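Since the structure of chain E is provided, determine the placement of chain P on it from the hints.
Going down the list, the sequences are from chains E and P. Sequential numbering of the first sequence, starting at 0, is according to numbering that gives the first Met the number 0. Sequential numbering of the second sequence, starting at 0, is according to numbering that gives the first Met the number 0.
Think of the hints as simulated: they come from the structure by calculation, not from any bench.
Some, not all, of what chain P presents toward chain E, calculated at C-beta under 7 Å:
{"id": "1", "residue": "VAL93"}
{"id": "2", "residue": "ARG96"}
{"id": "3", "residue": "ALA97"}
{"id": "4", "residue": "PHE109"}
{"id": "5", "residue": "PRO110"}
{"id": "6", "residue": "GLY120"}
{"id": "7", "residue": "ILE123"}
{"id": "8", "residue": "THR177"}
These figures come from a predicted structure and were not determined experimentally. Quick reminder that beta carbons are idealized off the backbone N, C-alpha and C, glycines included.
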Amino acid sequence: MPTFWLVVVLLALTALGFWFGRRRALASVQGNPRHLHSLPIYYGANVAMSIAIPALLILVIWLLAQPLLIENRVSATIPQELIPENTSIGLVMSDVRRLAEGLDQAVDQNVMTTAETLALDASTTDVRELLGTVGVALGSEVRPEVLAAAQSYRQLSSTGSTAMAVVCLVLALVGFGLSARHTNKEFRARNVVERGVLALLILAASLAILTTVGIVLSMLFETVNFFGLHAWTDFFFGSTWAPNFRGDSELSMLPLLWGTLYISAIALLVAVPVGLFAAIYLSEYAGPAVRSLAKPLLEILAGIPTIVYGLFALLTVGPLLLNLFGQGENGILGLSWMTGATSVLTAGVVMGIMLIPFVSSLSDDIINAVPQSLRDGSLGLGATRSETIRQVVLPAALPGIVGAILLAASRAIGETMIVVMGAGAIAKFSANPFESMTTITTRVVSQLTGDTDFASPETLVAFALGLSLFVLTLGLNVLALYIVRKYREQYD
Amino acid sequence: MNTMNMLDKTLDTNTTKITARDVNVYYGDTHAIKDVNVEIAANTVTAFIGPSGCGKSTFLRCINRMNDTIDVCRVTGDILLDGEDIYDKRVDPVQLRAKVGMVFQKPNPFPKSIYDNVAYGPRIHGLSKNKSEMDEIVEKSLRRAAIWEEVKDRLDAPGTGLSGGQQQRLCIARAIATEPEVLLMDEPCSALDPIATAQVEELIDELRANYSVVIVTHSMQQAARVSQKTAFFHLGNLVEFGATGQIFTNPEDPRTESYITGRIG
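Just chain P, with the same shape it has in the complex:
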């Protein structure tokens, strides 16, 4: 890790995109997330780190209400997106998910062509009036996901036929095609080899210009490389949240230091 480099990273903006206040999550009797308070800034990559089972993925899934699909899951507290409570009764989780896109741990392209994979979201939300507009959205998304050059000649080929790294970038293209404001990534590189990981990391850094990115990762090097802010979770608690450079070089909490130096987790 290049410490100097990390400290140089500047925060582009201080606008708050997502605010979480006293969030608690229960799976049946299990108390998975305990009183988490966090503010996620716009146009920033925020990394969630912590040992397995610490609740970082659970918290990530609260931000676009994906936990609603799990019957036994219960969420209390407030999560505000641009100042609006996303757990308010008037909010339709389906619409929320169009604004808060998600990329999963394992690449999960649909069993459709590459084109249809990217066009899936825009079609559902009626984002294009005609075929040529759709073509533009697909091309733009694939370009942003840095995969256009590799697939432009075979848009009709099945998305499942791509390599793992390409599939994950296709999933990122699919997520940004609906023009979300926030992009949630749940260990997006854990199923990828180092070369594909490097490509995706580079992509995440570029995505910061347009979106707020929240990434869950097991790799501390990855958190240090791609993020500006880092949150450390442990046993359902948010232990420490701050600038990435500070967390990795000068953590305040002894637990954070133990984890970063490899003594717990």
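The following block holds chain E by itself, in its conformation from the complex:
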């Protein structure tokens, strides 16, 4: 039975179970729901849960595990000499899978019967041409061993699918039977459903956490591989970033880290004052009409994809800065500090613009959360609005604002597209904001997209860089949360 129909049948059973459970519960009290422990729908939901959850859970696990198990068994039957030099068993196995799929297709399109596919012989029939007629193109002539493997692949898959359908249906029916037997007026269906809801919520929460753990682990394994090939002292304490695809590269994180922090610092210098002042205006001075218009407009800025900001940097801000500080259009200020449109300043300014709504939106919420009684107290003492804001509202909101700024900083550090298009690609230590520089994120992209062996340190360094970035932003986020929590207790 195809998986699709299996799921449909399970869902239909579930719906039937819901209806049946509800009916049976009502029948047990002669149709008067006031004598039931729970509302009738809870009895229905309990039966539906008992049918659907175990069966669907097994279905998902089975679908994930079956290909792995079959692959293992089939690949063991393939002889070593069939594997071409310098490749792995994986290539042969993908041929096997493709052939098996092609035969299934042939059966589906009525080109062959199931019996005919089993009787195929690679030495007499041209399997490649045959499958070409059903729209499956094979890369090479089919060898008898591969055909045999494909046949056993199909055999195992179809046995597995049948077994899966049987097991799932049996589970569903057992669930149906057991829960239907429980369904009477004394049964506390509401409490059981409540536990089911709890389990669902825990599942969702643990999925999010497990994903994070998975991401960290996958980075960690490749990072360990990288440090097996390259000295960690060079990565952490070296001074040059010079990847060389013939090997013998100098791969130090420090110039990239410097570029990252420098650009982020400029971005924050732009975003924090502007964002904060915008937040103060919106929350303390603006009337409801202005506020209802300006706040969504500011938040539109947050919705612009960063690649668009990158274009803005490339086409507008870069040339503008070049006109101001360099000889572009013959230099408005007569300076020659800047030689190209890509620079730390370009990327920093545009990234700052990107962060303005981030800072202003968070700060606005935080400033609004400062109790009105504090403002009244200050105004009642004869303070003006700006004195009140400067001396009472902002100090009270400060921990939250610091948290917002740190969150903005971790976004700046992780930003890629604006840097690619605005900052250039030269890794170096320099304090000159008019020079090109590069950041960790852009180097991760360029190291992974190169046409090189995956197992070389030049590629694997991307994972070490990614992990360092992860640790850096995680640290900033933790610090932000710590500051917010620590000071919140004191002021509320």
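Here is chain P on its own, set in the frame of chain E:
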């Protein structure tokens, strides 16, 4: 209530500090205060009583123009402070509030040290030339607010760390540090326990020597204990205004009597 005691209370002075003439207040379409006329004497504690929503807090907030901070609020009529109209265009509400201090229902110390809380007003208005003068103002204010002995050793501790009653006395100290002429109190004891309430009430009685105090209260016992004059508000009208002893023992208006005896409100 000790009736005899109340009747004995004498009015120290008859100088008028605040005069309100035909004051009307609107919140958008709501007519919150209707034609209120009242004269508040200097060096007197005047209590505003009345059921919830009767407009007593609204009227109190008119006296230092705190209603200006509410967009939809509109005030008509005249309120004179020492004969000058405080709603005149030439009057800066910020300066007015330095002369007419306010203490709120809920203690609202700033998230600063005790010292900085008290020094806040004097710093804004430039009342001290140097640190030692400021120290003097802070000590004097805290002493007047009867909290000096409790906090003198921890002036650097945050004001928010004090107990509720201490916080409210700190707020009173903060309000009198700017040397106002009038002190407005909006239910200053409603968030306090009986012991703290007693302390604050005692303090209010002492403050009468230097300031005109106007207090809004829900507790009729409190009005009877601390005030010399009482105004009874009902549905935005000033129903009756007179000596506290008279209002509580021999009210003229039947509504006042109903409220005091607990039949309305």
